[in-house]
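The hints should help you fit chains V and Z onto chain U, whose structure is shown.
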Amino acid sequence: MTQDKPKAKTNPGNYFEDFFIDQELVHATPRTVTAGDVSLYTALFGTRFPVQSSAEFARKLGFLEAPVDDLLAFHIVFGKTVPDISLNAVANLGYAECKFLRAVYPGDTLTSVSKVIGLKENSNGKTGIVYVRSIGINQKGEEVLSYVRWVMVRKRDEASPAPRAVVPDLDAVIAPEDLAQTHANFDHYNYHLAGAPHNWGDYAVGEKIDHVDGMTIEEAEHMMATRTFQNTAKVHFNQHTEGQGRFGRRLIYGGHVISLARSLSFNGLGNAAFIAGINAGAHVAPCFAGNTIYAWSEILEKAELPGRIDCGALRIRTIATKDHPCADFPRKGADGKNHEAVILDLDYWVVMPR
Amino acid sequence: MTQDKPKAKTNPGNYFEDFFIDQELVHATPRTVTAGDVSLYTALFGTRFPVQSSAEFARKLGFLEAPVDDLLAFHIVFGKTVPDISLNAVANLGYAECKFLRAVYPGDTLTSVSKVIGLKENSNGKTGIVYVRSIGINQKGEEVLSYVRWVMVRKRDEASPAPRAVVPDLDAVIAPEDLAQTHANFDHYNYHLAGAPHNWGDYAVGEKIDHVDGMTIEEAEHMMATRTFQNTAKVHFNQHTEGQGRFGRRLIYGGHVISLARSLSFNGLGNAAFIAGINAGAHVAPCFAGNTIYAWSEILEKAELPGRIDCGALRIRTIATKDHPCADFPRKGADGKNHEAVILDLDYWVVMPR
Amino acid sequence: MTQDKPKAKTNPGNYFEDFFIDQELVHATPRTVTAGDVSLYTALFGTRFPVQSSAEFARKLGFLEAPVDDLLAFHIVFGKTVPDISLNAVANLGYAECKFLRAVYPGDTLTSVSKVIGLKENSNGKTGIVYVRSIGINQKGEEVLSYVRWVMVRKRDEASPAPRAVVPDLDAVIAPEDLAQTHANFDHYNYHLAGAPHNWGDYAVGEKIDHVDGMTIEEAEHMMATRTFQNTAKVHFNQHTEGQGRFGRRLIYGGHVISLARSLSFNGLGNAAFIAGINAGAHVAPCFAGNTIYAWSEILEKAELPGRIDCGALRIRTIATKDHPCADFPRKGADGKNHEAVILDLDYWVVMPR
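In the order they appear, the protein sequences are chains U, V and Z. For the first sequence, the residue numbers in the numbering used here are 117 to 470. For the second sequence, the residue numbers in the numbering used here are 117 to 470. For the third sequence, the residue numbers in the numbering used here are 117 to 470.
Simulated from the structure, these hints should not be mistaken for lab results. Among the clues, some could well be false.
The list treats identical chains as one, so a pair stands whether inside a single copy or across any two.
Stated by the list, open to error - Listed below are the simulated DSSO-like cross-link pairs for lysine-lysine, each with C-alpha atoms no more than 27 Å apart in a straight line:
#1 256 with 271
#2 231 with 123
#3 123 with 324
#4 176 with 231
#5 350 with 324
#6 121 with 453
#7 350 with 418
#8 418 with 242
#9 121 with 448
#10 242 with 123
#11 231 with 324
#12 121 with 418
#13 123 with 215
#14 324 with 121
#15 256 with 176
#16 176 with 121
#17 271 with 215
#18 121 with 256
#19 271 with 242
#20 418 with 123
#21 418 with 256
One chain only, chain U, in its complex shape (with noise of 0.2 Å):
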């Protein structure tokens, strides 16, 4: 049945060591996503687009019922790889190539894959970087998205030698034909009902949106968001700990973050129905309980969509800021760095109707 079991009955993680190229992972915890995890996603962000809030609008673009957002898909496929991937991480260094494949409805039920595309010791002899590829795959076996992201991991034992450096190639961002066909179909597609009038023709490259609004994180909030999505990383739960930590604090889960610039985002690009997939991101500075998170947009490219006239895609630049609201759309300075503001930086498509 089982064998090769470890001694500890308890999850040491995997440290550098363990990882080998080609590596294949099965993440464990299966989940059946529910309504009741919808609910809970909107009570936490508060997000408002339409196709994922009601069953009518998304029928009306050929869905059988509201697919769940995006990136609550993705907040769970993330999490299943966290205790193995993760839980010796000192960084989360960044995300490419993630395609959102295939909606996700309640009743699905998502598993988590992931396989080692590359590897590289940092010269301290102490960590080194872990590329993986995970997929996340639903009850049918149909992979529903994909994503590249690299951590830093510790070593167990830092005598141990280096594996042959193996540093992946991969695409700065996701070239619009290659992002999935979405689903639906934006013919009959009502501005009044998703409450923003203007459709992917009214962006043009370069505008910036300040999305204005501002929301404040409690502890119970981003801690209830990420045991939702089964995420054990410790450093989200464990004030006794964190509290002589670093931060002496809990950190908030970088993924909270995305998912509220999300929502904020939606005053300024409503019609920005579904994430296609995310180029880069990149955690810019940690995020507390008790931070106001701000975001603004600038939209870096404009790409139709092979054979559609009903939609286009986005290519957007999100940055989140905390305490410090958008007006002057803060990123990086004449010196190259990130204003102290910036805490998160995306680099994403979405499809619009047009």
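Only chains V and Z this time, still in chain U's reference frame:
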């Protein structure tokens, strides 16, 4: 498709000048209510009214399953009106003629529309009062509830001329025969399972009931509730801004207090199975996280319901206080001013078995 | 219909004199458990046991869909007993003979009934101990769980005579053959997806496991949980009163700590798929918001289950502490007193694949 689009991508909300008599507003963000929302409602307010708690109990009264709490439906319908009606409101002045017309079930999708029925500029020339009748509609196009509210809204330009003043003629009290016929048949109502022995006949006009229990509100709770309702009023969410504002605190959505008061009222009014109508409601003073809410009620009126011998209506005033138990039934003093602890004064009709 | 109605409209709860041997109490507020409650349970406790997390995983073991967590069912059944049994309780003294008899699924409606099986006035004449056997029943009339608890309850009138003392004869430990047959067939249990390799055979009597992780509790969290269970005990909710009381704080529902300890125990007991019974439980010390909960377990006994080769039972003691990691397995000292960090001592049976 969409014409006359505003240049700004973000929603500035409507100012007093933007409203005109008979104006119809189709509000955004249709919302499918689910069992998840019902669970959150229970988690946040601790409601124990049996029809909404148990599908079995509800079926015995003739429902298909447990209808959602009347106030959950109200808050969702109300939330949709905020971006169009009260984003630039100074104050939410009152409610009237609120009628609960039809049961809302998990799976129903709610939308809201409003019609402007009154306008009156204030003498200071800076603000005006807008009266709207708002209607909540389900996916079959049926009205589920209807109410009037009036708000004080800022003018965009103080120099703009005042509109002709129109103040609607509103019923101070909904006549019992104008309440919607309840779908429930109380012949087989189980008082034991309901948890309270007293029926319609046991209450007397003038009777006062101290609901005894108190409930403290946390920031995470009122924000989760208000986001569940997709209510976007900024004052509830942004400590960074509100910390510098009038109160130095986030203001709790008035509807949160209504729901808490209703839940607390179970202890003393446990068989007040449904709210049939709200005659008037005033948020007398602001409420903040950390406040403990108490409530008491007075029976204002008893009414038979047309053609019904299984149930009757009670007109109730429920007063909610903060940090003040209600054994002394605090309300207005000899000077006509509300007791300093009073935060809510709600006049409404309930349906109760007899 | 209802006779002998109390004059007061509010529920004063029962005092010690109100109880008599063989008294049957039908508790109020039937409750339909839903997927929303399951989501909240996950959000609040971060549980990762796979049968309750995944409908697919559950079906492989022979369930129709994912059953709800045993403790969610317990807390809901328990909550209903509070208004009748422990509203005037000074202390919740113990549990025994708690048996989980049948899976509870979303959609099931639970009610509770209790029978008084013991009474003993305390020598101070001010309080007495009430023993009740409480049963949770689903909509088909099937018992889903059963347990005994005893509470110290205030007398209304100290002058009232003491009843004949009856102390029930309770099993210190439920015999393995008296545990309900599990509905699950573990032949196709997937250890990889479960996330833990160790099965029944891998545990040894006397083995101690430090569950490592810690979880900090917020006020909003324990109040949301306790309201979800419709548990009305006042001490959990009212800071205005409790702030002036013995602890100066709201007291956290003991069941909240049981659920947290069970969730933390996943790290080390990941295949302890179900709780089959609770032999004894003591809330050794109070728990407050801000406390970080840790847990450790000791294997007390291993038992085969009648006719089963796919699974076995482990009797476990799980100790939860506050603000104290459990590497030193804190419990009782040489003086027989509990370590000051210990807040829960729970003796229970789990079913585990073998």
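Hints, one by one, checked against the model:
Within a single copy, residue 256 and residue 271 get their C-alpha atoms no closer than 37 Å, and across copies no closer than 56 Å, so neither meets the 27 Å cut-off. In this assembly of identical chains, the alpha carbons of residue 231 and residue 123 lie at most 27 Å apart only when taken from the same copy (25 Å versus 47 Å across copies). In this assembly of identical chains, residue 123 and residue 324 lie within 27 Å of each other by CA distance solely across copies; the values are 13 Å between and 55 Å within a copy. For the homomeric pair residue 176 and residue 231, the shortest alpha-carbon distance between copies (26 Å) is at most 27 Å, but the shortest distance inside one copy (38 Å) is not.
Within a single copy, residue 350 and residue 324 get their C-alpha atoms only as close as 37 Å, which misses the 27 Å cut-off; across copies the closest is 22 Å, which meets it. Taking the shortest alpha-carbon separations for residue 121 and residue 453, neither the intra-copy value of 47 Å nor the inter-copy value of 37 Å comes in at or below 27 Å. Neither within a single protomer nor between protomers do residue 350 and residue 418 lie at most 27 Å apart by alpha-carbon distance, with minima of 40 Å and 31 Å respectively. Taking identical chains as interchangeable, the C-alpha atoms of residue 418 and residue 242 are never at most 27 Å apart, the minima being 43 Å within one chain and 42 Å between chains.
Taking the shortest Cα distances, residue 121 and residue 448 never come within 27 Å of each other, neither inside one copy (49 Å) nor across copies (32 Å). In this assembly of identical chains, residue 242 and residue 123 lie within 27 Å of each other by CA distance solely inside one copy; the values are 25 Å within and 54 Å between copies. For the homomeric pair residue 231 and residue 324, neither the shortest alpha-carbon distance inside one copy (37 Å) nor that between copies (34 Å) is at most 27 Å. When the C-alpha separation of residue 121 and residue 418 is checked against a cutoff of 27 Å, the pair qualifies only between copies, where the shortest distance is 20 Å, while the shortest distance within a copy is 52 Å.
In the homo-oligomer, the alpha carbons of residue 123 and residue 215 never lie at most 27 Å apart, since the shortest distance is 38 Å inside one protomer and 32 Å across protomers. In the homo-oligomer, the alpha carbons of residue 324 and residue 121 lie at most 27 Å apart only across protomers (18 Å), although the nearest pairing inside one protomer, at 54 Å, exceeds that limit. In the homo-oligomer, the alpha carbons of residue 256 and residue 176 lie at most 27 Å apart both inside one protomer (25 Å) and across protomers (15 Å), since each shortest distance falls under that limit. Taking the shortest alpha-carbon separations for residue 176 and residue 121, only the inter-copy value of 23 Å comes in at or below 27 Å, while the best intra-copy value is 51 Å.
In this homomeric assembly, residue 271 and residue 215 never come within 27 Å of each other (Cα to Cα): the closest approach is 30 Å inside a single copy and 46 Å across copies. In this assembly of identical chains, the alpha carbons of residue 121 and residue 256 never lie at most 27 Å apart, being 30 Å within a copy and 43 Å across copies at closest. In this assembly of identical chains, residue 271 and residue 242 lie within 27 Å of each other by CA distance solely inside one copy; the values are 6 Å within and 62 Å between copies. Taking the closest pair of Cα atoms, residue 418 and residue 123 come within 27 Å of each other only across two copies (19 Å); inside a single copy the shortest separation is 54 Å, beyond that limit.
Within a single copy, residue 418 and residue 256 get their C-alpha atoms no closer than 34 Å, and across copies no closer than 38 Å, so neither meets the 27 Å cut-off.
Violation of the numbered hints given earlier is confined to hints 1, 6, 7, 8, 9, 11, 13, 17, 18, 21; the remaining hints are satisfied by the structure.
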